[in-house]
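Use these hints to put chain G onto chain C, whose structure you have.
2 protein chains.
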Amino acid sequence: MRLSRYFLPILREVPKEADIVSHRLMLRAGMIRQESAGIYAWLPLGLRVLNKICNIIREEQNRTGAVELLMPTIQSADLWRESGRYDDYGKEMLRIKDRHERDMLFGPTNEEMITEIVRGSIKSYKSLPLNLYHIQWKFRDEVRPRFGVYRSREFLMKDAYSFDLDAEGAKHSYNKMFVAYLRTFARMGLKAIPMVADTGPIGGNLSHEFIILASTGESEVFCHGDYLEMAPPPADVNFDDAAAIQQVVNDWTTLYAATEEKHDAATFAAIPAERQMAARGIEVGHIFYFGTKYSAPFNAKVLGPDGAEHLIHMGSYGIGPSRLVAAMIEASHDDAGIIWPDAVAPFQVGILNLKVGDSAVDAACADLYAKLTAAGVDVLYDDTDERAGSKFATADLIGLPWQILVGPKSLADGKVELKRRVDGSRELVTPAEAFERLKG
Amino acid sequence: MRLSRYFLPILREVPKEADIVSHRLMLRAGMIRQESAGIYAWLPLGLRVLNKICNIIREEQNRTGAVELLMPTIQSADLWRESGRYDDYGKEMLRIKDRHERDMLFGPTNEEMITEIVRGSIKSYKSLPLNLYHIQWKFRDEVRPRFGVYRSREFLMKDAYSFDLDAEGAKHSYNKMFVAYLRTFARMGLKAIPMVADTGPIGGNLSHEFIILASTGESEVFCHGDYLEMAPPPADVNFDDAAAIQQVVNDWTTLYAATEEKHDAATFAAIPAERQMAARGIEVGHIFYFGTKYSAPFNAKVLGPDGAEHLIHMGSYGIGPSRLVAAMIEASHDDAGIIWPDAVAPFQVGILNLKVGDSAVDAACADLYAKLTAAGVDVLYDDTDERAGSKFATADLIGLPWQILVGPKSLADGKVELKRRVDGSRELVTPAEAFERLKG
Numbered sequence: 001m002r003l004s005r006y007f008l009p010i011l012r013e014v015p016k017e018a019d020i021v022s023h024r025l026m027l028r029a030g031m032i033r034q035e036s037a038g039i040y041a042w043l044p045l046g047l048r049v050l051n052k053i054c055n056i057i058r059e060e061q062n063r064t065g066a067v068e069l070l071m072p073t074i075q076s077a078d079l080w081r082e083s084g085r086y087d088d089y090g091k092e093m094l095r096i097k098d099r100h101e102r103d104m105l106f107g108p109t110n111e112e113m114i115t116e117i118v119r120g121s122i123k124s125y126k127s128l129p130l131n132l133y134h135i136q137w138k139f140r141d142e143v144r145p146r147f148g149v150y151r152s153r154e155f156l157m158k159d160a161y162s163f164d165l166d167a168e169g170a171k172h173s174y175n176k177m178f179v180a181y182l183r184t185f186a187r188m189g190l191k192a193i194p195m196v197a198d199t200g201p202i203g204g205n206l207s208h209e210f211i212i213l214a215s216t217g218e219s220e221v222f223c224h225g226d227y228l229e230m231a232p233p234p235a236d237v238n239f240d241d242a243a244a245i246q247q248v249v250n251d252w253t254t255l256y257a258a259t260e261e262k263h264d265a266a267t268f269a270a271i272p273a274e275r276q277m278a279a280r281g282i283e284v285g286h287i288f289y290f291g292t293k294y295s296a297p298f299n300a301k302v303l304g305p306d307g308a309e310h311l312i313h314m315g316s317y318g319i320g321p322s323r324l325v326a327a328m329i330e331a332s333h334d335d336a337g338i339i340w341p342d343a344v345a346p347f348q349v350g351i352l353n354l355k356v357g358d359s360a361v362d363a364a365c366a367d368l369y370a371k372l373t374a375a376g377v378d379v380l381y382d383d384t385d386e387r388a389g390s391k392f393a394t395a396d397l398i399g400l401p402w403q404i405l406v407g408p409k410s411l412a413d414g415k416v417e418l419k420r421r422v423d424g425s426r427e428l429v430t431p432a433e434a435f436e437r438l439k440g
Numbered sequence: 001m002r003l004s005r006y007f008l009p010i011l012r013e014v015p016k017e018a019d020i021v022s023h024r025l026m027l028r029a030g031m032i033r034q035e036s037a038g039i040y041a042w043l044p045l046g047l048r049v050l051n052k053i054c055n056i057i058r059e060e061q062n063r064t065g066a067v068e069l070l071m072p073t074i075q076s077a078d079l080w081r082e083s084g085r086y087d088d089y090g091k092e093m094l095r096i097k098d099r100h101e102r103d104m105l106f107g108p109t110n111e112e113m114i115t116e117i118v119r120g121s122i123k124s125y126k127s128l129p130l131n132l133y134h135i136q137w138k139f140r141d142e143v144r145p146r147f148g149v150y151r152s153r154e155f156l157m158k159d160a161y162s163f164d165l166d167a168e169g170a171k172h173s174y175n176k177m178f179v180a181y182l183r184t185f186a187r188m189g190l191k192a193i194p195m196v197a198d199t200g201p202i203g204g205n206l207s208h209e210f211i212i213l214a215s216t217g218e219s220e221v222f223c224h225g226d227y228l229e230m231a232p233p234p235a236d237v238n239f240d241d242a243a244a245i246q247q248v249v250n251d252w253t254t255l256y257a258a259t260e261e262k263h264d265a266a267t268f269a270a271i272p273a274e275r276q277m278a279a280r281g282i283e284v285g286h287i288f289y290f291g292t293k294y295s296a297p298f299n300a301k302v303l304g305p306d307g308a309e310h311l312i313h314m315g316s317y318g319i320g321p322s323r324l325v326a327a328m329i330e331a332s333h334d335d336a337g338i339i340w341p342d343a344v345a346p347f348q349v350g351i352l353n354l355k356v357g358d359s360a361v362d363a364a365c366a367d368l369y370a371k372l373t374a375a376g377v378d379v380l381y382d383d384t385d386e387r388a389g390s391k392f393a394t395a396d397l398i399g400l401p402w403q404i405l406v407g408p409k410s411l412a413d414g415k416v417e418l419k420r421r422v423d424g425s426r427e428l429v430t431p432a433e434a435f436e437r438l439k440g
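Protein sequence lines correspond, in order, to chains C and G. With the numbering used here, the residue at position 210 of the first sequence is 210, and numbering never jumps. With the numbering used here, the residue at position 148 of the second sequence is 148, and numbering never jumps.
Do not take every clue at face value.
What the hints assert, rightly or not - Calculated pairs, DSS-like style, for lysine-lysine (alpha carbon to alpha carbon, straight line, at most 27 Å):
{"#": "1", "chain 1": "C", "residue 1": "K138", "chain 2": "G", "residue 2": "K126"}
{"#": "2", "chain 1": "C", "residue 1": "K123", "chain 2": "G", "residue 2": "K355"}
{"#": "3", "chain 1": "C", "residue 1": "K52", "chain 2": "G", "residue 2": "K138"}
{"#": "4", "chain 1": "G", "residue 1": "K126", "chain 2": "G", "residue 2": "K301"}
{"#": "5", "chain 1": "C", "residue 1": "K126", "chain 2": "G", "residue 2": "K355"}
{"#": "6", "chain 1": "C", "residue 1": "K301", "chain 2": "C", "residue 2": "K262"}
{"#": "7", "chain 1": "G", "residue 1": "K91", "chain 2": "C", "residue 2": "K91"}
{"#": "8", "chain 1": "C", "residue 1": "K439", "chain 2": "C", "residue 2": "K409"}
{"#": "9", "chain 1": "C", "residue 1": "K415", "chain 2": "C", "residue 2": "K371"}
{"#": "10", "chain 1": "G", "residue 1": "K91", "chain 2": "C", "residue 2": "K97"}
If you're looking for bench data, these hints aren't it; they were derived computationally from the structure. No experiment lies behind these values; they were computed from the predicted model shown.
Chain C with its partners taken away, still in its complex shape:
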């Protein structure tokens, strides 16, 4: 993408309304724009990151055998009356009357709807196990929305729902999502630690939060330091092998890890002192097993191999991609701006033309841009007539992992500068070397 043809409204001033660093940086980097309190438009740069996150989530969900569908945003209140949650949910539910005065709502989650869909579609245990997920916008009418997309009213959520004949099958389904989440966050460059969690309004028997560490995190967490060195499960893990999947879960739940609410000081104290880690954390995923909590009121049953009807055992599994964009910035930034992990960077490479109009520089930039783009690399080519200092600042602010600085002086020696955003290191290389390094 040529920056001269892109829409990247950079703010040079620090926005006053933003209380946390991710919100400030997302506004400054032209990733989002507030349209109403707690409601944001995703500008092109922000949308690219959001889509990359969604695609990683999708690939890892699919790897487990989960199947994607898409439920609507607007739901009937009757559905929520069936589960009894219509009255339980307070003012955070955005309630709507349509033109016929029917009670509707903007879905904050989809346990009810997916249970209705499965109830109406599946009759036999032979159709199970089943895991259905969607990635859809949801609404939670926060009383005082703040912190940008970290806690917005309209937010994107990947929510998966598993359906099994019995508790044992449901445990396997739960474990599959547990393992998928480990892989998902690792692929995004995040160290996410699973911690036993309260089940809250979703309800249920078993729940884990996945927490990343960030000095600006919302809550205090306590864990064994070895978590930070554990390798995620490999891509070829066999999700059908219940014992193998259980083993991965065991490996990741044996060491101590707890949020503030679940913290047990005595157990923590038993960890060798140099391995005790107390830090701030951000929740980036939450998984639940809740048995028949929803299948019972919805009477969602299947015929079992015994010829009898069985209530379906369910779980749900959430990751909020829009919130995750902000969480990643909280965990990875410096004074100059965002530092994206490569896998979710809006563009992997920036080419900075430091003297637009200089024919050698223009030609070298155009050549690198064409070659890298043809190689499938996402490149942002800064071909604008801004001064060099402004181009450096923009590339760092928006967090491009690799930046190729092309100026007349180095180019006269046949070189360009290759800069790594994460540590600011620079290296003089030939354009051909730069291409070889970055072509992926």
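Only chain G this time, still in chain C's reference frame:
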């Protein structure tokens, strides 16, 4: 995808509530499920088609230089008061009060919001031309929703908005979208004919509808028969070349084509009789140039090269992907079910295992499935224990363009049957030949 692990709730009965063939077939094929009046969940098969359509749209929008962003579904009423449309829009606008009693609405379109975004972000003509688009769910509270996703209340829309310094630039932007739409529909296997249209509630000076012919179409259209033989513009058309793009538009607007409202019987009669075509049509796209209709109330201006402020000239360009799924079925089906054009088929190939448990058949199917999948072909492998007749019916109902029938008898001769959905033709080939033909 193995069908035994998929979620494809086929209905054997014709649903009573469905009045038109696309609605019946989408329900029967397990593509959608109604959640409320005019509100549908997209089941996995339907979502695959919807995503393929969106990706073609996206590629052709990007080819013109349009840039994707994503605006929220919920908008502030104040935005619509600025344009004066809040009161104009009747009961079809889904109006909402949030917990603070602020007037909000579920966006039916985004002229207001995008104008606000551009007004707040762009100061100079140097940032123009600009075309921003998004693909987002919208809501239109129809009084009596019917016809499934052909005319649903919650529907998906690609809406693009162009911004130019003056009318001449805006015409070029309009023409780019005109050409992109020709390519978009052609890639989907559709013959879409541009027809001069009324501008309706969007307003403006210039507008074209893109109409496909279908015997079940909603309105009568009249055009020169040569339209059906015209080739779409090539992929390497230079969108920056205003004259070349104008020429394509001229080529596609010289011959007579008109909807009922715009029909001129005398002009039509002047067409050679054997070239006169009167048929039923379905609108699949609509483009508008409306100058300063929105930039004026929003005071959206840029500094021109003359140093003076100029109101931005705008256009908007819509395609409804969810409606398009239904329109394509209206235009392409038979008694057995849907006939997908290859480019949007949920799976290109079905493998029908006609004797599950027969080790030779199982092995041949598994081998073809693995090879085609590895070659990047979307394959649905029917490995269920349904009887053969039911598998044939399902594959035809859901419209798989190519079907490989693998049974013990042919396989003993080293052959499988390759069936083409569009004409039902079958051919005995070796599995290796089938792979060569379908690997893409």
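Run the structure past the numbered hints and jot down the numbers of the failing ones, going up.
Structure breaks hints 1, 6.
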